[in-house]
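Student: What follows is the residue order along each chain.
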Amino acid sequence: MGFRNVEEIARAVDDGKTWFSPIRKSTVPFMGANAWTDMGPGVGIPTYQAYLGNPLQAVAVTGGDNRSVYLGPSLGAGKKKYLLNWSIHANSGTAAPSFWMLCDILLYYPLLDGTDLTPQILNNTQVLPRYQNGDGVVAMFVTQTPGVAVRITCDMEYTNQSGATGITNQINLQGASAIGRIMTLGNSSNTGTTFFAPMAGGDTGIRSVEKVTFNASVDGFVTLVLIKPITQLSFVDAQMWHERNYLRDNARLPEVEQDAALNIVFNQGSAGSSLGQITSLLQTVWE
Amino acid sequence: MGFSSLDDLVNEVTNNGKFNRADWNKIWGTTAGTAGRWYDMSDNAGTPVGNAFAGTALAWTTCNETTGNGSQIFGIPHGGNVSADTKHLLNMSAVTGVTTGVPSQLMLVDLQGYWPGISNNTTAAQTLTGTPTLRYANGAGCRLFWAQRTTAGATAQNISISYSNTVPTSGRTLPVTVAMTASAIASHISHSGTAANNYGPFLPLASGDTGVSTVASVTFSAANTGTGALCLARPIVTIPLATASVSSERDLLNQLPSLPRIIDGACLVWLYFAGNNVAANTNFYGSLEFGWG
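These protein sequence lines are chains A and B, in that order.
Take the first sequence: its position 67, counted from the start at 1, is 67 in this note's numbering, and no numbers get skipped.
Take the second sequence: its position 23, counted from the start at 1, is 1023 in this note's numbering, and no numbers get skipped.
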């Protein structure tokens, strides 16, 4: 089900079928202007995401508790939860401008060895816990332990949203020493990162990744994370709250899946220092 | 079909799940862009992949969502065919983190197709072949633009075409002298710019014409090196980029009530108006959200 009209949305809020969920990060590393950063490895709510697990073995991520962003009670079968409002704040004077993307962290492959130039075969015993056909799911490479700041390429072999296997695409990566840096580049000379890896022509999502081969060493360890982008918000004025009402401002309430594990990735445009303390508030509503 | 009310829209996109979101990114090529010019971003790498303008020289190549040009599926996906429902663009966003990428305008167009491999290096009329498969009856609202594919030489030249309008009446010609840009780089819509007789992003149409259904020939006033493609597209919506790292957004229901229709099979690509000298390898990112009912 879902909402059939505006009245149902308003009535759901009046009936208490709504939840306010805070996000707070006390420290977020600064990766440099125009670099994408994963807020997961930051202290606060949700708890620090270290992407733990056995090397190369897929870990499905399920939220819904206080280690993640708690989004209210679980719903009965067939019922859906939606994002009604989202607001963000950063207390650093150099936090603006920046661009924030709210994502559902679905699954990750931890501890890809940045020095191993042979094909690293990934274990897919666990599968996507949500958006299971992979449509709209994208991949990002994240620095898990400190590497070196070199630009390399890697070959990623994956299964797309239609179940077609053995698709290979070459990805440009920027190595980094800072944990949480999203390494994906648009091309080898890109002046800034793009948070998700390009896919082969016609593909609209990734169901699983089978193999990664680094073509040069970046040192350290890398996590390959599969995420579903949900919505975005710009931070344009330092130390001001920025807000979005999705019914009024977007003509659509984004759906938030049961047990979504929400996280924020952001691109900091300023050449200044870190975002400082991050505070955010989500309001969900359900029928 | 379409949406009969706001309630209907809410019902269709949330209750009935008739919704699709596309996150896209494009990386500018290895040569900087020039302020005041329009560029075709369909050939830029990223997601979706770049358009290499596959096809037989001078022959019409149809483009659509699911097969692209038959070799590269380069249009932004929007959820497939939905007939008998109609699909509409609900909202859009775009951002670049590089200061030379702003200020600028992005224009979303439905690329119907193109005639590739047209030479800049002859003054003979080049006959174009093939009958365009049009998603808009008789080319209503469809416009032409030249996408430079290999760098043009330094010789000045004007472009003339013979086209059919929406009636259709053949033998229509450009109403003014249209100058190409010498040394135009690949992806430059090389009749656009700040020089005399530059027009962009589209070639001007004859008096009274409201669209193009096909093109018979292309003629240049002087021979210059280079090749390009003549593209036929229907403009849909524009969005400005004002500040680096600040996402521009359009709510096409409340902010700019229009809900532009996205025809089944539309091959969605961006044209870019450079307000600045765009640095090589600049990245652009954005999203499009579609609903249908």
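Any given hint could turn out to be false.
If you want the footprint, here are the derived chain A segments under chain B, 3+ residues with CB under 8 Å [unchecked claim]:
(1) 97 to 104
(2) 110 to 124
(3) 229 to 237
(4) 248 to 259
If you're looking for bench data, these hints aren't it; they were derived computationally from the structure.
Just so it is clear, CB atoms sit at the ideal spot from N, CA and C, and this is done for glycine as well.
Student: If a hint holds in the structure, say so; if it doesn't, say that too.
Tutor: We went through each hint and held it up to the structure:
1. 97 to 104: holds (count 3)
2. 110 to 124: violated (count 0)
3. 229 to 237: holds (count 5)
4. 248 to 259: holds (count 7)
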